[in-house]
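Using the hints, position chain B against chain A.
As they're listed, the protein sequences go chains A and B. Going by the working numbering, the first residue of the first sequence is number 194, and it counts up by one from there. Going by the working numbering, the first residue of the second sequence is number 705, and it counts up by one from there.
One or more of the hints may lead you astray.
Not close to chain A: a few residues of chain B, all C-beta gaps over 12 Å, as computed [stated by the list, open to error]:
1. S803
2. W848
3. P872
4. G966
5. I992
6. W1009
Under the rule of at most 20 Å between Cα atoms (straight-line distance), these lysine to any residue pairs were calculated in the SDA-like manner [stated by the list, open to error]:
7. A:K455 / B:E906
8. A:K455 / B:R822
9. B:K952 / A:P316
10. A:K455 / B:Q821
11. B:K952 / A:K455
12. B:K952 / B:V1006
13. B:K952 / A:I396
From the structure, some residues in chain B lie toward chain A, with a derived Cβ separation under 8 Å [stated by the list, open to error]:
14. W739
15. L823
16. D955
17. L983
18. W986
No lab work stands behind these hints, which were simulated from the structure alone. Built from N, CA and C at the ideal position, the CB exists for glycine as well.
Here are the chains, one letter per residue:
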Amino acid sequence: MNRYGPRTFALEIAFVVLGVVALFPIYILVTVAFKSPPAVAESTLAPPPELYLENFITAWTEADLLAALVQTAFITALSVAGLVALGSAAAYGLVRGAGRMHRLLLLFITLGITVPIQLGMVPLYQLMRDLHLLQTPWSVIIFSVGSQLPITVFLYSGFLAVQSREYEEAARVDGANGFQTFSRIVFPLLRPITGTVIILSSIHVWNDFLTPLLYLSGSDARTLTVAIFSFRGEFATQWGIVFAGILIAIIPVVTLFFLLQKYVIKGFASGLKG
Amino acid sequence: MTTSVAPAPPQPRAESPAFRGPTGRRKGRRTGFLWFALPAIVLYVLVVVYPTLSGAALAFTDSKGGRSADFIGLQNFVRLANDPAALASIVNTVVLTVSLVVVQTIVALMLALGLHQRLRTRGILRTVFFLPFILPSLIVGVLWQFLYSPDGPIDSVLDSVGLGFLAPLWLGDSSIALWSVIVALIWQNVGFSMVVYLAGLEQIPGELYEAAAIDGASGWRTFWNVTRPLLGPATTINLTLTMVGALKIFDQIFVMTNGGPGYATDVLSLVTYRQSFVLGNWGYGSAIALVLAMIVAAAAFVQLWLRGKVEVDR
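The shape of chain A in the complex, shown without the other chains:
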């Protein structure tokens, strides 16, 4: 099982072929973005005959992507910060509290993973309207943090339950209060799972479409997905321009993923121990 024999080689070949198939849509996305309209009409498969950058210039200026980029980054950064702070603190309180009440509350929050958001969509829209938060990024941030808390608390509590509490007790003995113990001792120890939470929630918030479409419509504060959506309506058949816009929109989150990808499996591995 540990040797690299002919069977492993055959498996490797099969998996490389599968990998090529899985990359095919990405290949199309990237190559079409660099093709002129006649080149796309000529062949959708061939690599770009020349690097046609016009698409990116058109997409950047026409879709007002800079404003959307700033808006999306703002919403994502605040939502993720909120999730990390509230989620880790809640998991700490509920796992370490160790009472019946704490266990019930933990179950109450993690059950939220299975609640379909559609049922609450209308009342929440009314609530945001009554709070005068519609058409402001705060509505999207509040929604993103609240709706992602269940999975975040689940990940943090799974990690915490298998961590030793020796350091915390030592800190307590040394006279640290509850908040100091959490912020100076526990939170730094949560780093691996915080990496997972940051990746998963950044992907989720950055990529969300329906929430900003509902809450921000009618304002200039569009997010990237909403900008791409209306942009696609405008340039329906000019795939080169649409795909160039898409590439610009996904570069930040793809970069973040490559920076933090080692945490993805690690974080889940620790979550599974629970």
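Coordinates of chain B only, in the frame set by chain A:
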């Protein structure tokens, strides 16, 4: 092994000595811990619990978005039972969810088992299979709409191997469209399930495999008796998250087909959105969402029951 529908919240450990002591003090400590959870609970109730409950209440009214709404009992549900669009979307939602849960979980398990071996390309292949998961669903929809377009990339590939005559209207033929959508969804999400399985595989101690090898167990027996049971928690997480995710799918279908042709790819999340936010039928839209929630609860219950059976059989 603990099993439950929602991924099991970890059991807090037994109390350690530092938490014993005079009752009053212990109680004080415990209540102190609750303060850490308070902000999260308040926000969770505000954004998830309260809207969900009032959405359920709205389902029994004729609300059209104004301030006034009357209680109309089960009328919305009677209307739903006679609405061919809503009924088609219920069937599609179930077909889509079951197919995704079954196919995506099996493919993810196979990918994870392969990429857990010492392949030279395993690092890069893990990234390749996970990559689509980080794309916005909206963009996955736009991309696959182009891939499936007549004479688009997929048809061109079929042409180049002489199978062009086989190419159907991927998104335009009502007998195929839902399956085309399902393929795109699996492409997008299988990498996530794979990572959960890879994490599960990394938890299995290597000694167990060595012991199995010494006992002369075949590859299949080793999988069935060692790997499979120990992947139980990963499977529970995958089934739950894939199911819940499948029932919520909106963006990709909204962009690719918007439910068409006819009702061929219409799902409950699209119908809910259309009724509530396009047509302004808040009461009826909420009734459809309530049906969706009940399907989730039923599916979760079935899963719990099946897991219970598996546990007993073992």
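Results of checking the hints against the structure:
no.: 1; hint: S803; result: holds, 19 Å
no.: 2; hint: W848; result: violated, 7 Å
no.: 3; hint: P872; result: holds, 18 Å
no.: 4; hint: G966; result: holds, 22 Å
no.: 5; hint: I992; result: violated, 8 Å
no.: 6; hint: W1009; result: holds, 15 Å
no.: 7; hint: A:K455 / B:E906; result: holds, 14 Å
no.: 8; hint: A:K455 / B:R822; result: holds, 18 Å
no.: 9; hint: B:K952 / A:P316; result: holds, 18 Å
no.: 10; hint: A:K455 / B:Q821; result: holds, 18 Å
no.: 11; hint: B:K952 / A:K455; result: violated, 28 Å
no.: 12; hint: B:K952 / B:V1006; result: holds, 19 Å
no.: 13; hint: B:K952 / A:I396; result: holds, 17 Å
no.: 14; hint: W739; result: holds, 7 Å
no.: 15; hint: L823; result: holds, 5 Å
no.: 16; hint: D955; result: holds, 5 Å
no.: 17; hint: L983; result: violated, 12 Å
no.: 18; hint: W986; result: holds, 5 Å
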